[in-house]
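Chemist: Note that the protein sequences, when read in sequence, are chains A and B.
In case it helps, my numbering puts the first sequence at residues 52 to 258.
In case it helps, my numbering puts the second sequence at residues 10 to 579.
Incorrect hints may appear among the rest.
Below are the DMTMM-like pairs computed for lysine to aspartate or glutamate, each with C-alpha atoms no more than 20 Å apart in a straight line [said to hold, decoys possible]:
(1) B:Lys54 - B:Asp249
(2) A:Lys248 - B:Asp204
(3) B:Lys277 - B:Glu426
(4) B:Lys54 - A:Glu245
(5) A:Lys232 - B:Glu151
(6) A:Lys232 - B:Asp298
(7) A:Lys154 - A:Asp103
(8) B:Lys15 - B:Asp298
(9) B:Lys54 - A:Asp103
None of these hints come from the bench; they were simulated from the model.
What follows is each chain in one-letter form.
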Amino acid sequence: MTFISRRDLLKAAAVVPFARGFQPAARPPLENLTATEMEILDAVVARLIPTDASGPGATEAMAAHYIDHALGGPLAASRQAYATGLAALDRFARSSRGAAFAKLTPADQDAVLTTVESGAATGFTGSPAGFFAMVLGHTHQGTFGDPYYGGNANFVGWDLVNYPGVRTMVSAADQSSLESKMMRPNHKSAYDYEFTKASGQGRGPAR
Amino acid sequence: MATRLKETDVVIIGLGAAGGVAALPLAQAGIDVVGLEAGTWLTRKDFAPDELRNNYRGWPQGIQKANQEIPTSRANASSPTSPRGTIHPMQNAVGGTSLHYWAQSWRLNPWDFRVVSETKKRYGASRIPRGSTVEDWPFGLEELEPYYDKVEYEIGVSGQAGNVNGTIDPKGNPFEGARKRPYPMPPLRGNQFLDRVAAAARSLGWHPFPGPAAVNSRPYQNRSACMYHGFCNRGGCHVDAKNSTAVTTIPRAQATGHLKVVTRAHVKTIEVDGNGRVTGVNYLSDGADYFQPARIVLVASYTYENVRLLLLSKSKAFPRGLANNHGQVGRHYFSHNQGAGVSALFPFNLNAWYGLPAQGIAVDNWADDNFDHGGLDFIGGGNMWVYSDRRPIAAAGMNTFGRAPAWGSAWKTFIRENADRSNTAYIQKTTLPYEDNYLDLDPEVKDPLGYPVCRVTAEFKENERQVGAFMQDKMEQWYREAGAIAIQRAPLGGAMGVTTHAYGGTRMGDNIETNVVDRWGFAHEAPNLGILGASVMGTSGARNPTLTAQALAWRTADHLAKNWKSIART
């Protein structure tokens, strides 16, 4: 039997229910990307993991914020690739579809992204397919990674794949509960557990 | 000018899986050991259940030495260099990669020690693949058995024995060589999906069994049992239930008073005197140079660094690198990390979120020479391993089996239903050493100190690709029997690259013309230099190397302790 605390239940209840047009209440300030770059990236992640009938997507997870933040730290090596890649993507949208990427219809955006993914898009400095794979990978990180890093807001990514949450102990009874579909998501980050709050070096990992 | 430290009996370079084991029998014999470790101590507080950090950003480490020395690689001498990795497969820390490895703790099977003689006897000499430099080991499994046993009990291994003193137990692996006693702990627990795949294997007439793991299935030596929290894959253990040397042999050796652990010690070269005997080790720590004199030097720094250290340690006695006057350092390199995996999609949830890669079901029917190769055009085979391990980012990146694109609404619908419905088998395959697969120093790429990094020149040959294709057929058959509705096969191997299962380079054998170390693990050319790790192994079998590397390390240390006066010349 899995123990679910009152605090967990309250937290679960506090999760914003999915609604079309949902936007985070307060948008975090930009840290590394320019406003123009962020507008394009926001539009890209919204097509990669769309908000649709099956629930919230990368927008609600705040995956673009995760990327913007990480580009100043652990993903710093990719900062230049985002600058040139997002600009090339926008130029390709204008030349092939007649408008900035963020202004295109979802269908046109998908057509542009498909061409980039296939490597056939023109005007990129490096490989368009490589740029696409990088953004998709980081969007996964920002949607399905631990919320400690700024993405997966309100655990929407973990709920999407039905991941029941970070636990430090899973007994045989807990496993049976999972197998009989009785285990509820606990909506806990690794860093909600006391032992993780200070590492041996006296701090948590770089976010 | 290096500070000359007080002489010690033995210096061990690298306190990881192998060096951390060797320290214990030496210290227990009263021999003074200095363990030089490039990394630092890490403890359970460093091991948060965090997929992003463990699996995408490199695992927690205090010191990034290895990441600045990642080997370069290419398929063969005329092919271009492959893209260089950004994370070294090994980590620097007390306990080394045994802190976060999968902890599968296999013994080799009897055939693995006698590939050449057994193949010639059963099929004829023509069946040894052309260009292979494979040799029989200088001894058989029976010689290593007591050391396997010692390590299994000292560090703690969970598993189901299949052959105790010749009595076969059908719950275990009927193909394993005889062991003197069962494992110290029962196997890790199963789950619904693993029970299903085991039943499927049995219905095919095969012999499934739970694999061995250096993870506590119950409390052992005052440490906790496994919590199955799902972050064991490249993660350290938050309750010390993974039996790294940092929580087993190293603290036990320290308790004798005969092991001094020196962290943040970046070893540069090994010194040699005019007679070709090693005299100690040069290392750098926090910007200062030290020379640690020792009667015996044991190199235990992983295959790539073992080879690099020897090649960098040039002297009058060894102008081509330490113990390399016969040109064998770096030769007979191989890795069985071919890939060539098989993934399956099931029409039901596998409930794999809470498990570990060492929790699974193995089948050995198609490994080694456990089946007749008379009508086949390869030797060897593979161990098939179905295990329970899943985390959310990896689940999102799952193969969509041609049923959905990789992104967008259709993908999202697919992933919502199938994120917990796929499984990818781990199939480790016989891989042989070949004349033109080797390690050397890269002519251009250097580490931050200006020393060349190791270069891998190696590719999978025809025998290995044949094994790969054969095993994919068997694995698909197994998955289909268990109810899989779709199968994807990864491509067969090309370039070998830089891996966690790297063998050879300082091979063990009686013949000085083809081997760097003798049957005890000491260099033929420099008798007070011992080498520990899978770099001494001449065959890989079809399973993880660590336990064999540890058993060999214990044996080398035990031999040294018992023959101290003659080897150390005191």
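Chemist: It remains to establish, for every hint, whether it holds in the given structure.
Modeler: Status of each hint after checking the structure:
1. Only pairs whose Cα atoms come within 20 Å are accepted, and lysine 54 (chain B) paired with aspartate 249 (chain B) is accepted, the gap being roughly 10 Å.
2. Restraint check for lysine 248 (chain A) and aspartate 204 (chain B): the C-alpha separation of about 37 Å exceeds 20 Å, so the hint is violated.
3. Between the alpha carbons of lysine 277 (chain B) and glutamate 426 (chain B) the distance comes to roughly 53 Å, so the proposed pair goes past 20 Å and is violated.
4. Simply put, lysine 54 (chain B) and glutamate 245 (chain A) have alpha-carbon atoms about 9 Å apart, close enough for the 20 Å limit, and the pair holds.
5. Taking the CA atoms of lysine 232 (chain A) and glutamate 151 (chain B), the gap is near 48 Å; set against the 20 Å cutoff, the hint is violated.
6. Between lysine 232 (chain A) and aspartate 298 (chain B), the direct Cα distance comes to roughly 60 Å. Violation of the 20 Å bound is thereby established for this hinted pair.
7. Between lysine 154 (chain A) and aspartate 103 (chain A) the CA atoms are separated by roughly 19 Å; this keeps the pair inside 20 Å, and the hint holds.
8. Straight-line distance between C-alpha atoms of lysine 15 (chain B) and aspartate 298 (chain B) comes to about 14 Å, which keeps the hinted pair within the 20 Å bound.
9. The hinted pair formed by lysine 54 (chain B) and aspartate 103 (chain A) fails the criterion: a straight-line CA distance of about 40 Å is larger than 20 Å.
The structure does not agree with the numbered hints 2, 3, 5, 6 and 9 stated previously, though it agrees with the rest.
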